[in-house]
Amino acid sequence: MNKLAYTTLIAFISSILTLVGAYWLVPSHAQSDSQGRIISLEELAQHNHAASCWKVIDGRVYDITDYIDEHPTPESVLTDWCGMESTEAWYDKGNGRPHSPGALALLAQFDIGVLAGHETAGSTTTEVLTQVEDQKTAKAATANKVSELMGEQQEMTMTRTAQQGYRDGSYYAESEPDSRGWRSLVEISIVNSRITSVYYDEIQRDDEGNYKARKSDDMNYAERWRRVSQISQLSAFRGYENMLILTGTIDEVDALTGATSSFESFQRLVREALTEAR
Amino acid sequence: MIKRWLKPGDILLIAMVVVPVLLIMPSLMQEAWNQPSGFFRGLARLAGVIGLSLMLLAAMMSIRLPYLDRLFGGLPRLWSQHRWVGFLSFMLVMLHAWGLSFSVITRGMEPAMTVLFPPLSYWPVWMGWLALALMVAFLGPTFRFAGRLNYQKWKRLHLLSAPATVAALAHTLPLATYPLVWWFLGALAIGAVIWRKVLSPSLGRFEYEVVEVNTLVRGVVEISLKPRGKPIQYEAGQFVYLTPFDDSLSNGVGEEHPYTLSSAPSDKYLKVGIKDLGDSSHAIQTIRKGSRVQIEGPYGDFYERHYPQKQQLWLGGGIGITPFVSGARDMAGQEKPAAQVHLFYLANDPSRAYFADELKEIAVKQPTFDLTLHLFREQGAMTAAFLQEHCPDYREREIYMCGPAPMINHLRALLMHEGVPASAIHFEVFDFL
Ligand SMILES: Cc1cc2nc3c(=O)[nH]c(=O)nc-3n(C[C@H](O)[C@H](O)[C@H](O)COP(=O)(O)OP(=O)(O)OC[C@H]3O[C@@H](n4cnc5c(N)ncnc54)[C@H](O)[C@@H]3O)c2cc1C
Chain A
1 MNKLAYTTLI AFISSILTLV GAYWLVPSHA QSDSQGRIIS LEELAQHNHA
51 ASCWKVIDGR VYDITDYIDE HPTPESVLTD WCGMESTEAW YDKGNGRPHS
101 PGALALLAQF DIGVLAGHET AGSTTTEVLT QVEDQKTAKA ATANKVSELM
151 GEQQEMTMTR TAQQGYRDGS YYAESEPDSR GWRSLVEISI VNSRITSVYY
201 DEIQRDDEGN YKARKSDDMN YAERWRRVSQ ISQLSAFRGY ENMLILTGTI
251 DEVDALTGAT SSFESFQRLV REALTEAR
Chain B
1001 MIKRWLKPGD ILLIAMVVVP VLLIMPSLMQ EAWNQPSGFF RGLARLAGVI
1051 GLSLMLLAAM MSIRLPYLDR LFGGLPRLWS QHRWVGFLSF MLVMLHAWGL
1101 SFSVITRGME PAMTVLFPPL SYWPVWMGWL ALALMVAFLG PTFRFAGRLN
1151 YQKWKRLHLL SAPATVAALA HTLPLATYPL VWWFLGALAI GAVIWRKVLS
1201 PSLGRFEYEV VEVNTLVRGV VEISLKPRGK PIQYEAGQFV YLTPFDDSLS
1251 NGVGEEHPYT LSSAPSDKYL KVGIKDLGDS SHAIQTIRKG SRVQIEGPYG
1301 DFYERHYPQK QQLWLGGGIG ITPFVSGARD MAGQEKPAAQ VHLFYLANDP
1351 SRAYFADELK EIAVKQPTFD LTLHLFREQG AMTAAFLQEH CPDYREREIY
1401 MCGPAPMINH LRALLMHEGV PASAIHFEVF DFL
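These protein sequence lines are chains A and B, in that order. If you're matching positions, the first sequence starts at 1 in the working numbering and goes up one per residue. If you're matching positions, the second sequence starts at 1001 in the working numbering and goes up one per residue.
Read the hints as simulated data drawn from the structure, not as lab findings. A few of these clues could be false.
Each computed DSSO-like pair below joins lysine-lysine, with the alpha-carbon atoms no more than 30 Å apart [what the hints assert, rightly or not]:
#, chain 1, residue 1, chain 2, residue 2
1, A, 3, B, 1153
2, B, 1275, B, 1197
3, B, 1275, B, 1155
4, B, 1289, B, 1310
5, B, 1155, A, 3
6, B, 1226, B, 1289
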């Protein structure tokens, strides 16, 4: 027993040292692995379901598909954010608490690349996360987090947003019903002159104007829509919301193929809502 | 039959490991089947789960509650299990760290390194490292990585197991899927250590006073102890931890050591026969009458019966005669002892058979108790023929042995060779390491 314990300890230490040694000696690690693949918003938006779930946290893209089953919360909590910017959800699990540091180490394993526009956000998960930690302590305002962590290009966009001079606050716009009674609505929150969160949906109201239904809830509708155009309102709405947050201006938001009429409503309503913010 | 190998307490010990494993299993299986690297990661996590369970178990096993140890076949058996449990835990914890890192090495060295050495802010991982480092520190001497350590130093160093356990819990609780299990097991483990190290010295010990110190031969004394308060209740063959508080002792004041009670349970005083085997047992040879000692116990299940209908064969040598002195004194006071007993007293020469006179007297008075002296200097090592000559049915008896390790090894081999089933042989060596 004594010998075995000793031998195993030596073997353990040697293999860890080998790993550390190899890591430092192989010069490629710094460059080759640093950024990973650059992933566009469009590509990200396609991986918006449980069978292939990508998420953006602090500018890096993670393929967490394999992890969904393991995650302690119900699956939907996780899958709702597939294909999207999830930084906020990462720092606030819903109870005001961030994910555990250990979970971050786990996350590193799912790192598949960097989101387009974030190439300078930090080279590796570890480094990004270190920066995040530093910034977290430096600045407490969680609402700022998303934008703070973005790369230069993003900063520029943000500056532009700021220059456009939005006032802080929440802005709401709702359209008249279309021929089948659907109204579009959008709500936008601005903090520190930046768009930090967006909600878009299409709803129906009864004759008295009371809320009846919303499309983002209607899975049958989503199925029908998917049959004709591969994408449904479920991800399209979220996609538009995310693009607006990430780019900071409606001019930079592109229509998703198959969801163009929603895009038009979205564009119109965002412009309408933001006129109040000037 | 199975009861001979598996004690009731063992079931409890096994459950403490099986429950956390069963809880984590579904999530591990999912991970293992769904992910390419999941299989190894699952194994590594499983190693972590079992490793921590065992570590907590080892801590719980150190509680050393009197009487309770009999559920586990006595304290000596529990100690050797403790040692195995600790050993396995150590191996699994290394496998855990190694496996986690190497399960992601296919994704590159970056993730493999991140898993092991994340930024400092991911403190739970570093807590894991701290726990492992502490483990190496206190297990190193246990497994004699660098030679043998003085017993007291070893014991003090082994206390590092407490912070190691806390660090291991701090590593696991934030990451665990079912933290409640770990809170529960962790509380039991830490509770056990707190009882042993903090509470038991004041709550678990009995006050006694030395009333007689009888030098049997050079280097062996028998001490009689009178209770100052409530006396302990014990059975023949059990041992206690004795802590002397005689300031004139050159060594071992306030230090606890295990000694077998040589008195019969019905005797007025507790008696211990102590042989000079090291610093404190040397010093105690001159302990003063009237000085205070503390007693904790009793422990052990020396005369545990596997075959209650069988007659008994006792083989005692050196200071290992003490449990048999207790057993014989116990029989001396009984009208109808439970079993016929034949004691072989193994000694170098007559002068070293320091309990022989008293034992002979008991043999004369008590017809169910026989005594044979075996002198190494005259007769050499014990043989089957010698046993056969003095105790023809020795193969059919339930056998109890106590003495130096070489003697035990020799006798065990001899008896097994003569066809005595292992389950009929009980033995105790006065040395835990
Ligand atoms: C179940 C049991 C019953 C015993 N009964 C008797 C008895 O009746 N009479 C007798 O003379 N001796 C008995 N011993 C042995 C006695 O405990 C040791 O000789 C004594 O503790 C030695 O201490 P030391 O400081 O003199 O020697 P050290 O030089 O410190 O140790 C010598 C060896 O004794 C063992 N030892 C020391 N301290 C302890 C301890 N606290 N716990 C366990 N082992 C220790 C170690 O293996 C060590 O290598 C018994 C031991 C055990 C385990």
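Pair hint residue 3(A) and residue 1153(B), alpha-carbon separation not exceeding 30 Å: Holds. Residue 3(A) to residue 1153(B) sits at ~21 Å (cutoff 30 Å).
Given hint residue 1197(B) paired with residue 1275(B) - CA-CA distance at most 30 Å: Cα-Cα ~27 Å, so holds.
Given pair status - residue 3(A), residue 1155(B), alpha carbons within 30 Å: Distance ~21 Å between residue 1155(B) and residue 3(A) Cα, so the pair holds.
Proposed proximity, residue 1310(B) with residue 1289(B) (alpha carbon, max 30 Å): 42 Å, violated
Holds or violated: residue 1275(B) to residue 1155(B), with C-alpha atoms at most 30 Å apart: 21 Å, holds
Pair hint outcome, residue 1226(B) versus residue 1289(B) [Cα-Cα no greater than 30 Å]: The given pair, whose Cα atoms are some 11 Å apart, holds under the 30 Å limit.
Of the numbered hints stated above, the single one contradicted by the structure is hint 4.
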